[in-house]
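J.: Here the protein sequences come in this chain order: A and B. Note that this note's numbering numbers the first sequence so that position 90 is 90, with each residue one more than the last. Note that this note's numbering numbers the second sequence so that position 39 is 1039, with each residue one more than the last.
The hints are simulated quantities; they were obtained by calculation from the structure and are not laboratory data. We put the CB at the ideal spot given by N, CA and C, even for glycine. Misleading hints may appear alongside valid ones.
Below, in silico cross-link-like pairs of lysine-lysine (BS3-like), each with a Cα-Cα straight-line distance of 30 Å or less [claimed, not checked]:
{"hint": "1", "chain 1": "A", "residue 1": "K57", "chain 2": "B", "residue 2": "K1101"}
{"hint": "2", "chain 1": "B", "residue 1": "K1061", "chain 2": "A", "residue 2": "K57"}
{"hint": "3", "chain 1": "B", "residue 1": "K1096", "chain 2": "B", "residue 2": "K1049"}
Just a sample of chain A residues kept apart from chain B, beta carbon distances all over 10 Å, derived [what the hints assert, rightly or not]:
{"hint": "4", "residue": "P8"}
{"hint": "5", "residue": "Q11"}
{"hint": "6", "residue": "G16"}
{"hint": "7", "residue": "R17"}
{"hint": "8", "residue": "R44"}
{"hint": "9", "residue": "Y64"}
{"hint": "10", "residue": "N70"}
{"hint": "11", "residue": "P75"}
{"hint": "12", "residue": "V82"}
{"hint": "13", "residue": "N98"}
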Amino acid sequence: IAGITQAPTSQILAAGRRMTLRCTQDMRHNAMYWYRQDLGLGLRLIHYSNTAGTTGKGEVPDGYSVSRANTDDFPLTLASAVPSQTSVYFCASSPGLNTEAFFGQGTRLTVV
Amino acid sequence: AQSVSQHNHHVILSEAASLELGCNYSYGGTVNLFWYVQYPGQHLQLLLKYFSGDPLVKGIKGFEAEFIKSKFSFNLRKPSVQWSDTAEYFCAVSVKTSYDKVIFGPGTSLSVIP
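Kindly generate the complete structure, drawing on both the sequences and the hints.
T.: If you want it as structure tokens, here you go:
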């Protein structure tokens, strides 16, 4: 079934640890995005990539890094997790500019 | 700076009641507009979108939205809600020329009582 797969679905992480959230899409979309969802704040863009090999910063990039080695994969790394990074993380993709986004099921991350 | 506001944080309706969720944005340029829905425990799904043309757009499940450019608004409506419409609704705005300028509103939680 075509779509976006995120892993893990949930994780409890000790502060200071490194963590990579995985995201894979099989729709051959050019653009991919990482959002965090926090109560009362909606979704905020962390990083994006408009095509393989290119990444850019969103609204809240600090503490996060991404890579886009190929079209399908867009991992998000927390180099040294902090409690304020406790959130639900959504990966999304879109065919390109001026198109809607398709979302993964989300990863619930708790940093303790 | 771009921003999106949604008028209500939580709305409670009885089945068959009419729904209108407000969304306003602040940005002076050309934008695309979206409403997404998130059912409990699920990911966001597109309800409807506006890129250009007829400002009244129809989406899935009987939802519609009207873009009023002069008011910077994109309100979501449904004439008769069902219990299955219980969900979180997000308005989003994207700048036509930029991948990174996609702003979501804070969301409105809709509870429909049978």
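J.: None of the hints should be skipped; say for each whether it holds.
T.: To see whether the hints hold, each was checked on the structure:
no.: 1; hint: A:K57 with B:K1101; result: 10 Å, holds
no.: 2; hint: B:K1061 with A:K57; result: 35 Å, violated
no.: 3; hint: B:K1096 with B:K1049; result: 13 Å, holds
no.: 4; hint: P8; result: 15 Å, holds
no.: 5; hint: Q11; result: 17 Å, holds
no.: 6; hint: G16; result: 29 Å, holds
no.: 7; hint: R17; result: 26 Å, holds
no.: 8; hint: R44; result: 7 Å, violated
no.: 9; hint: Y64; result: 14 Å, holds
no.: 10; hint: N70; result: 18 Å, holds
no.: 11; hint: P75; result: 18 Å, holds
no.: 12; hint: V82; result: 23 Å, holds
no.: 13; hint: N98; result: 6 Å, violated
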